[in-house]
Structures are given as structure tokens and as C-alpha cells.
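Undergrad: Protein sequence lines, in the order shown, are assigned to chains A and B. Heads up: the first sequence at position 12 corresponds to 12 in the working numbering, and the numbers run straight through without jumps. Heads up: the second sequence at position 97 corresponds to 97 in the working numbering, and the numbers run straight through without jumps.
Just so you know, the hints here were simulated from the structure itself, not pulled from any lab data. Just so you know, these numbers come straight off a predicted model, no measurement behind them. Since no wrong hints were added, every one of them can be taken at face value.
DMTMM-like, lysine to aspartate or glutamate: derived pairs with alpha carbons at most 20 Å apart:
| # | chain 1 | residue 1 | chain 2 | residue 2 |
| --- | --- | --- | --- | --- |
| 1 | B | K36 | A | E44 |
| 2 | A | K11 | B | E41 |
| 3 | A | K78 | A | D24 |
| 4 | B | K36 | B | D71 |
| 5 | B | K51 | A | E102 |
| 6 | A | K14 | A | D63 |
| 7 | B | K36 | A | E102 |
| 8 | A | K57 | A | E44 |
| 9 | A | K57 | A | E68 |
| 10 | B | K70 | A | E44 |
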Amino acid sequence: GAGVSQSPRYKVAKRGQDVALRCDPISGHVSLFWYQQALGQGPEFLTYFQNEAQLDKSGLPSDRFFAERPEGSVSTLKIQRTQKEDSAVYLCASSLGGGQGETQYFGPGTRLLVL
Amino acid sequence: GQQLNQSPQSMFIQEGEDVSMNCTSSSIFNTWLWYKQDPGEGPVLLIALYKAGELTSNGRLTAQFGITRKDSFLNISASIPSDVGIYFCAGQFGTGANNLFFGTGTRLTVIP
Chain A
1 GAGVSQSPRY
11 KVAKRGQDVA
21 LRCDPISGHV
31 SLFWYQQALG
41 QGPEFLTYFQ
51 NEAQLDKSGL
61 PSDRFFAERP
71 EGSVSTLKIQ
81 RTQKEDSAVY
91 LCASSLGGGQ
101 GETQYFGPGT
111 RLLVL
Chain B
1 GQQLNQSPQS
11 MFIQEGEDVS
21 MNCTSSSIFN
31 TWLWYKQDPG
41 EGPVLLIALY
51 KAGELTSNGR
61 LTAQFGITRK
71 DSFLNISASI
81 PSDVGIYFCA
91 GQFGTGANNL
101 FFGTGTRLTV
111 IP
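Could you build all of it, start to finish, from the sequences and the hints given here?
TA: Written as C-alpha cells, this is what we have:
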């Protein structure tokens, strides 16, 4: 596709449920990032992939958060046993090579609400 | 995490006015970027700055990379209604993951 796509766009989960959020990056983009954006705040880095390798997961808030990109293209962010504080917009971004200053193209995000 | 403080938090301006917003950080960044986010969408890159002191324009937008590498400003001239949105600064260290550290955002409202 022309841009980064994410699905679902909206997700409502009951506390304790597991959720899976999908990101389709721009075709051919090597680098993929996940960010979390709380209401009224700027996005915060969660994790980074270069192809299928997860090179940085320092931003994942707990071991309930897990991300994968098994074939170096589509990525899934999984949150286990969701808590209310997980409610946020989850943004995916991709860039061609991942070098400094390379444009990161963002998807529209998945809005997660945990009740 | 890194703290990037943006000011003002929000602005209400008349169409045609100029706008100025800035961003300060406790950390030195190698790259400064400015993004705009519309409701229900992801951030879109407006301007990227790569050298201390650099002044760059993109249409009605002008941004500068501060000499200390700890700050940046964005100016919008002759605002129009479609400038409405949230503007974020972002810093990048240029090492490791090259992830972005975002500011707190400036919400701009343009009154026609």
C-alpha cells in the first residue's frame, strides 16, 4: 500500500484480556518502530525492529508487552492481561533504512480502551 | 525517559496571523524534527534539522536547530484554517535505534 496501515483502528478490551495489534509497514522499509501515545501526550518509544530482528525493546513498559516481526515485514504488538493503564493509541512507524534523520512514516494508530 | 518541553501548550489565533512555538530539552540531540498530528491520524513530518544553528523553511513553515542543540523553534507564517492540529517537536540522538523522543505538543486553533 501507499502508507503504513494498522488494524484494528479501535479496540475495546476488558481488563485481563489479551490483545494483538497489527502493523503493515511501507513495502521495502527495513526499520519498524512502535510508539505508545497516552491521551494529551506525545508518542513514547516502545520497541524497534530492523528487518526481523528486535534490536531495542527498552521502551516496553512491562513483560506483558511483546512484539514480533517474524518475516521482516508485518509486525504484531501483543499485550497480555490488559490493564486500564494500557489504554492509549499505539502507533507504528516505518523508515527505509533507519539511519539518523530518516523520515519515519506513521500509521493512523490503534486506539485501545481497556475497561 | 527524555523530557522535551514545548510551549505554549495551546494557542488560539486569527487566520492570517503568524505563530511561534518552541521546544527545549535537557539532552543534546543530533537531529530535531517537527511533526503535525491531525485528529485520528499519526504524526506527519514537517521539517527535519540536522545541524546546530540550521534554519530551514518548508513553505510557510520555518524551523531552527538551536546552537546549544537543546532547543528548537517552529514558526508558521500567515496561518490558515488547515493549520489546525497538534504540533510536536521530536529529538533524535542518532545512535542505536534512532527512535524519536517527542515533546508534549502544542495544540493550535485557527479562527477564520
